[in-house]
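There are 2 protein chains.
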Amino acid sequence: MFPKLCRPLSSINFRTVKCFCKPRQLNKYYNIIARANSSASSSFLCDKNVIFVAGLGDIGLDTSKELLKRDLKNLVILDRIDKPELVCELKELNPKTKVTFMPYDVTVPIAESKKLLKKIFDKLKCVDILINGAGILDDHKIEATIAVNYTGLVNTTTAIMDFWDIRKGGPGGIICNIGSVTGFNPITQVPVYSGSKAAVVNFTSSLAKLAHITGVTAYTVNPGITRTSLVAKFNSWLDVEPDVAELLLEHPTQSTKECAASFVKAIEKNKNGGLWFLDQGILEDIKWDKHWDPCI
Amino acid sequence: MFPKLCRPLSSINFRTVKCFCKPRQLNKYYNIIARANSSASSSFLCDKNVIFVAGLGDIGLDTSKELLKRDLKNLVILDRIDKPELVCELKELNPKTKVTFMPYDVTVPIAESKKLLKKIFDKLKCVDILINGAGILDDHKIEATIAVNYTGLVNTTTAIMDFWDIRKGGPGGIICNIGSVTGFNPITQVPVYSGSKAAVVNFTSSLAKLAHITGVTAYTVNPGITRTSLVAKFNSWLDVEPDVAELLLEHPTQSTKECAASFVKAIEKNKNGGLWFLDQGILEDIKWDKHWDPCI
Numbered sequence: 002m003f004p005k006l007c008r009p010l011s012s013i014n015f016r017t018v019k020c021f022c023k024p025r026q027l028n029k030y031y032n033i034i035a036r037a038n039s040s041a042s043s044s045f046l047c048d049k050n051v052i053f054v055a056g057l058g059d060i061g062l063d064t065s066k067e068l069l070k071r072d073l074k075n076l077v078i079l080d081r082i083d084k085p086e087l088v089c090e091l092k093e094l095n096p097k098t099k100v101t102f103m104p105y106d107v108t109v110p111i112a113e114s115k116k117l118l119k120k121i122f123d124k125l126k127c128v129d130i131l132i133n134g135a136g137i138l139d140d141h142k143i144e145a146t147i148a149v150n151y152t153g154l155v156n157t158t159t160a161i162m163d164f165w166d167i168r169k170g171g172p173g174g175i176i177c178n179i180g181s182v183t184g185f186n187p188i189t190q191v192p193v194y195s196g197s198k199a200a201v202v203n204f205t206s207s208l209a210k211l212a213h214i215t216g217v218t219a220y221t222v223n224p225g226i227t228r229t230s231l232v233a234k235f236n237s238w239l240d241v242e243p244d245v246a247e248l249l250l251e252h253p254t255q256s257t258k259e260c261a262a263s264f265v266k267a268i269e270k271n272k273n274g275g276l277w278f279l280d281q282g283i284l285e286d287i288k289w290d291k292h293w294d295p296c297i
Numbered sequence: 002m003f004p005k006l007c008r009p010l011s012s013i014n015f016r017t018v019k020c021f022c023k024p025r026q027l028n029k030y031y032n033i034i035a036r037a038n039s040s041a042s043s044s045f046l047c048d049k050n051v052i053f054v055a056g057l058g059d060i061g062l063d064t065s066k067e068l069l070k071r072d073l074k075n076l077v078i079l080d081r082i083d084k085p086e087l088v089c090e091l092k093e094l095n096p097k098t099k100v101t102f103m104p105y106d107v108t109v110p111i112a113e114s115k116k117l118l119k120k121i122f123d124k125l126k127c128v129d130i131l132i133n134g135a136g137i138l139d140d141h142k143i144e145a146t147i148a149v150n151y152t153g154l155v156n157t158t159t160a161i162m163d164f165w166d167i168r169k170g171g172p173g174g175i176i177c178n179i180g181s182v183t184g185f186n187p188i189t190q191v192p193v194y195s196g197s198k199a200a201v202v203n204f205t206s207s208l209a210k211l212a213h214i215t216g217v218t219a220y221t222v223n224p225g226i227t228r229t230s231l232v233a234k235f236n237s238w239l240d241v242e243p244d245v246a247e248l249l250l251e252h253p254t255q256s257t258k259e260c261a262a263s264f265v266k267a268i269e270k271n272k273n274g275g276l277w278f279l280d281q282g283i284l285e286d287i288k289w290d291k292h293w294d295p296c297i
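Chains R and S, in that order, give the protein sequences.
Note that our numbering numbers the first sequence so that position 240 is 241, with each residue one more than the last.
Note that our numbering numbers the second sequence so that position 196 is 197, with each residue one more than the last.
So here's chain R without its partners, still in its complex pose (with noise of 0.2 Å):
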């Protein structure tokens, strides 16, 4: 182990003392990350086996079907509400691919999500990538907002830890969780919402830096305004502005057709710590600001 000199930072207010990094584990899993920042192609999800979950949502089901063009080898699909017409169309798309609905809702407790992991794991033997995309958009719902958005995507990522975590002699794997634009910046009228998706980008940065550890790579794809139902009609906290979903639909959007094309070039790009800005058609992984550095 080599102590590393971080970057030099230069804003008054950073802890400036010269930081030495304590890496672990590095140089025997380094080549997991250059896997993940260098597999830019289109054949990347060939016979790939993927978990999404809420991928028949209104996101979620044109992702799955351009999943499917893929020729992924599985998509387990994890819903809270089964829709078997939904299902049944998608396992026609593309019969290379073995389409699967399992009914999964993201707020019960971890040891159930495990429990539900393990019959995947069993079944399939090994799973590439997790898609974490359960949201709910409703901010006279406090708790449920929070428990979707993020309790239920860190504990489903924290269960799926157990069978990927090289620590525990585990393949690694990758996750790509949906956060959203408002992350970045909020829609005021949503803070709830907005809070809860601003914790979602902020938990996945992390996970993308713990890789060299876990052998688990992740990044987020952040959808703008995309024409869903759950942006046709939504509370406001508080009915701040009881038009809030109108006066969106007012600005350019996007077709959930095109954010899922964009959705699925970011997986293709597979990129660890990438955080994707999916908006009116266009990809942009963003650069975020640095304000401050814990130095460890």
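Hints were generated in silico from the structure; no laboratory data involved.
A few chain S residues that don't get close to chain R, going by computed Cβ distances all over 10 Å: (1) Lys84; (2) Glu90; (3) Ala262.
These stretches of chain S come out as covered by chain R in the derived footprint (C-beta under 8 Å, 3 or more residues): (4) 173 to 186; (5) 248 to 254.
Computed list of lysine-lysine pairs in DSS-like fashion (alpha-carbon distance at most 27 Å, straight line): (6) S:Lys258 with S:Lys66; (7) R:Lys126 with R:Lys266; (8) R:Lys291 with S:Lys266; (9) R:Lys169 with S:Lys234; (10) R:Lys291 with S:Lys272; (11) S:Lys169 with R:Lys142; (12) S:Lys92 with S:Lys119; (13) S:Lys210 with R:Lys291; (14) R:Lys116 with S:Lys142; (15) S:Lys66 with S:Lys234; (16) S:Lys291 with R:Lys266; (17) R:Lys288 with S:Lys288; (18) R:Lys49 with R:Lys84; (19) S:Lys142 with R:Lys210; (20) R:Lys234 with R:Lys66; (21) S:Lys142 with R:Lys119; (22) S:Lys169 with R:Lys234; (23) R:Lys99 with R:Lys258; (24) R:Lys270 with S:Lys291; (25) R:Lys234 with S:Lys291.
Yeah, the Cβ is synthetic: ideal placement off N, Cα and C, and Gly gets one too.
Guided by the hints, dock chain S onto chain R, whose structure is given.
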């Protein structure tokens, strides 16, 4: 009401259509926000009624002591556990200020928070400032971390709006939320905690922008690494770094007293939307990057 052209935004992925803001109740309440942004005075806190959630905590206690130097009228401390000897100590510090303690766990249902606040408002008639400071740092406890650090803060904030919201005939008020530098950039070893603080930062920035509607201004104080019992020893997520506390403390930190001094300075500056960075005894207002704009 005049439609107002937003500032032009240059980034390629901004929603660049001309956006006409719909200001609501602006003229009537501009004075509240103007007042909020012009009160950088050392006598600002004199005769004020302040509610301090977690005012007996590590940073809380020294901040309470610092507040008591300002001749408040009332300091109502809400904390999970009563510590009578500390409350006695605070009561003796300044006879001009009435110090009261009431037990409060921020994870109770919002109806309970409203009941407690009603008692306080009934007694004091008016409350000027609410400081939300409850926080835990233990990434083994996912639900508790999010429930205390984010959901509890949102619920307490939402509860006080019953008494402050100008749309309900209230007088407005000031919310000071304790975030953390980890809300800007995470300590990657505690991603759950860091994410919860990012949520607080994002949530509060929305509150500030809603002040023209609610009459309630808001800002965050975001301490850097401060030598508290919270930081002395804590669990990292999945034990990715068992020595995270020790490693952090190898770098420059600040004492709770230094933090408290900056904290009260920030309160005195009373800047709506302030993103106060309190590190190593220095107080700085952070400028947040704009990655997109909802244009509403």
